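Colleague: Take these sequences, add in the hints, and give me the full structure.
Those protein sequence lines, which keep their order, are chains C and E.
Converting from the first sequence to my numbering requires adding 583 to each position, the first position being numbered 1.
Converting from the second sequence to my numbering requires adding 583 to each position, the first position being numbered 1.
The hints are simulated quantities; they were obtained by calculation from the structure and are not laboratory data.
These numbers were taken from a predicted model, which means no experiment stands behind them.
Please note: incorrect hints may appear among the correct ones.
Copies of the same chain look alike in the list, so a pair counts if it fits in one copy or across any two.
As the list claims (entries may be wrong) - Once the Cα atoms are required to be at most 20 Å apart in a straight line, the calculated SDA-like pairs of lysine to any residue come out as: (1) Lys884 / Lys973; (2) Lys613 / Asp903; (3) Lys691 / Asp801; (4) Lys956 / Ala685; (5) Lys925 / Asp673; (6) Lys612 / Leu731; (7) Lys612 / Asp903; (8) Lys985 / Gln951; (9) Lys985 / Gln826; (10) Lys612 / Glu947; (11) Lys884 / Gln636; (12) Lys956 / Glu989; (13) Lys925 / Leu645; (14) Lys925 / Val676; (15) Lys985 / Thr866; (16) Lys629 / Pro790; (17) Lys749 / Ile959; (18) Lys985 / Arg955; (19) Lys884 / Arg960.
Here are the chains, one letter per residue:
Protein chains: 2
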Amino acid sequence: MPVNLTQPLAEQLLPVKGVALGVAEAGIKKPGRKDLLVITLAQGSKIVGVFTQNRFCAAPVLVSREHLQAKLPVWALLVNTGNANAGTGDEGVDHARQTCSALAKLLKCDPRSILPFSTGVIMEPMPVECIVASLPRCVANLHENNWLKAAEAIMTTDTVPKALSKQVSINGAKVTITGIAKGAGMIRPNMATMLAFIASDARVGLPVLRSVARRAADDSFHCITVDGDTSTNDAFMLMTTGQAQMPEITGINSRESIIFRGVITEMAQWLAQAMVRDGEGATKFITISVEGGKRHEECVKVAFAIAHSPLVKTAFFASDPNLGRILAAIGYAGIADLDVSKISLYLDEVLVAENGRRAIRYNEADGQEVMRKQEIRIRVLLGRGSATSKTWTCDLSPEYVKINSEYRT
Amino acid sequence: MPVNLTQPLAEQLLPVKGVALGVAEAGIKKPGRKDLLVITLAQGSKIVGVFTQNRFCAAPVLVSREHLQAKLPVWALLVNTGNANAGTGDEGVDHARQTCSALAKLLKCDPRSILPFSTGVIMEPMPVECIVASLPRCVANLHENNWLKAAEAIMTTDTVPKALSKQVSINGAKVTITGIAKGAGMIRPNMATMLAFIASDARVGLPVLRSVARRAADDSFHCITVDGDTSTNDAFMLMTTGQAQMPEITGINSRESIIFRGVITEMAQWLAQAMVRDGEGATKFITISVEGGKRHEECVKVAFAIAHSPLVKTAFFASDPNLGRILAAIGYAGIADLDVSKISLYLDEVLVAENGRRAIRYNEADGQEVMRKQEIRIRVLLGRGSATSKTWTCDLSPEYVKINSEYRT
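Modeller: Dropping the structure here:
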């Protein structure tokens, strides 16, 4: 059961002018599961991406990057689940190209106008024939109202599809944004393991779009972790069709650009948090604020040391205020000149530790009460500067182990 | 059930001339559990230590380091379980000093001749009175044959005591070494979470002893990980009483020194591996060899990325050869210029991946057969140099989560 996250309704997801979506059951996954998605973009659309940093990046990542570099208009995105096409060498790259060519033939465009994305099991040969055979069905049911079906088609161990729409007024023009994402395990910064696609009808210049994508990712997908694993396949794609009636947003720091970045960041944060809420086996949603650091980077280090500690995570699962484990994680986060006697720790509003030790007024019943909640905030004050960070994570339950032990069965 | 590790027998543990051990039930832990240990060292003994790198190091670590710096002869080590005396601030330091003073009074020595060690729950006030009240019982039962009782008295979540003796001939003189250790979870390099005490009757100069301790730790305790957590309290202490009939070992690279280092390293490796074998919830013992790196440090990075990946660990628990997860971990280990097309991966003798992709001859039944074993070797060939590393770890099972959820109950 995800933590405070419910199934979106199809009617809550707004169509984005110029974007159509078609899905199919290609038989890559178990029968009865949608596993293939085509997203087409109308002429004049723009797209930018943030890709995984994993050196073992998968064939579709290599091919998508190469196709983007060709600087042709992007006609469509082709996404499959059930197979990651990673650790598959040159053959995997050929397979990714074959699926692009097949879709290009159907859409009558250059194969480099197709961007491929895959997610699923690593190091298995790609069932190219199933995909190619199912593409005509995807194309036949392309429709601008298919966002929910699209969100379902990219799910892996997700228990609910993740999708959201927003509308915002930019200089009087109504702009629509709809986004979908998948991700539940193997989650940590640098796009892992997740796919997110956010589309808008706004008219946005390419430099602004690039800047917005990067900064939105920094404040969302790069702030979450479930288990610290970084995947081979992942990407966040931001696309605009330019079909809203508005002048193009150009200046990176213009008022319009800031409004647009704000709404994209909100959407990305919601999708990123949805992944944590649906984190494999998660029963708690935990926000970690680190304040008073010398630099942002050291705050992030402290936050991830806490977020990745299996001992902290199991204590949260058990609702056990064994909070010394948080202090231990701060201590090994890698800040060489950390003065622990300046550190304070809050759990929601409860002061747990001050001056690097158990707070004199702290009483375990108060800690216990917070630990029982489903949404908990850990606040660490480092007392050495004014930098801050915010990170979202979940607890570690026996269910996580079960899901990942049985992933392929 | 630990992986291929059985309870040692008291008669297998050899007394070390000049070392006596006394234990008691001080009531820090549940009734019926030994939780207090005193180890005394005869006059003329030498002792060196390797301590935790955690910035939140516990009060006993601070006090032990300070007492060592006083350069007085060390008369005794005082070890308790059940409470870590960490995150306890100045009061914790006072408590550690009080226990040292109480033991010093009984032994009639300077309090700085006592080194304190604690392990257990973090951020709880230390039950000083229980400890002080039980010290006379420890002192009353001091005996050179108490090594097994000592190993039992330092256990936390360990399911078996960890102890070993060896004898070696150095230039015709018989040298005896006996060691004990505790550790089962929160295990990673830099002494976490573990205590290890190795004693010998050898006559060894202090510079040699320092060098041996550091190098033995590098090749043993720094090569293991269970869950990646680094504790606040941990230490490896190496002590010699000098009571064997032999000339003092002085040159760091002398033949005698190399023999001594060899046997201490073997003991330390056995104790380190015993912690992994008894790792919380462990069902598999995994050796990770990384070869062909440019530097040792990058091999270690790759090994720990694999060893810390919850996805790799759960696949091993499930005996599921989902080995792409190992490639993904290699890819995010942080080697920026890694050429994945040069990487090979073996599971025992089975070639799983070559040239960065699934090996052509690899067949899953072979991988499956290896995955079913209790002891498995992962061998990664990076193909970029001649550096190597060796690391030991275990799998991740639901039992790990259960143990750490219920640790304080």
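Colleague: Measure nothing new, just compare the shortest in-copy and cross-copy C-alpha distances for Lys884 and Lys973 to 20 Å and report within, between, both or neither.
Modeller: within (11 Å within a copy, 26 Å between copies)
Colleague: What label fits Lys884 with Arg960 when the C-alpha limit is 20 Å: within, between, both, or neither?
Modeller: Close inside one copy (17 Å), not across copies (31 Å); limit 20 Å.
Colleague: Check Lys612 against Glu947 for me: Cα-Cα at most 20 Å, and say if that holds within a copy, between copies, both or neither.
Modeller: The answer is between: 19 Å across copies meets 20 Å, while 48 Å in one copy does not.
Colleague: 20 Å Cα cut-off: does Lys985 pair with Gln951 within a copy, between copies, both or neither?
Modeller: between (27 Å within a copy, 19 Å between copies)
Colleague: Cα distance capped at 20 Å. Does Lys956 pair with Ala685 within a copy, between copies, both, or neither?
Modeller: Neither: 50 Å inside a chain and 44 Å across chains, both beyond 20 Å.
Colleague: With 20 Å as the alpha-carbon cut-off, assign the pair Lys985 and Thr866 to within, between, both or neither.
Modeller: Close inside one copy (14 Å) and across copies (15 Å); limit 20 Å.
Colleague: At most 20 Å between alpha carbons: which applies to Lys884 and Gln636, within, between, both or neither?
Modeller: both (18 Å within a copy, 16 Å between copies)
Colleague: When no copy is specified for Lys691 and Asp801, does a C-alpha distance of 20 Å or less occur within a copy, between copies, both, or neither?
Modeller: neither (36 Å within a copy, 62 Å between copies)
Colleague: Up to 20 Å between alpha-carbons, please classify Lys925 paired with Asp673: within, between, both or neither.
Modeller: between (54 Å within a copy, 13 Å between copies)
Colleague: With identical chains treated as interchangeable, where does the CA-CA distance between Lys613 and Asp903 reach 20 Å or less: within a copy, between copies, both, or neither?
Modeller: Between. Shortest inter-copy distance 18 Å satisfies the 20 Å Cα cut-off; intra-copy 39 Å does not.
Colleague: Within a copy, between copies, both or neither: which one fits Lys612 and Leu731 at a CA-CA cutoff of 20 Å?
Modeller: within (19 Å within a copy, 55 Å between copies)
Colleague: Could you place Lys629 and Pro790 in one of the four classes (within, between, both, neither) given a Cα distance threshold of 20 Å?
Modeller: within (11 Å within a copy, 67 Å between copies)
Of the numbered hints listed earlier, those contradicted by the structure are 3, 4, 9, 17.
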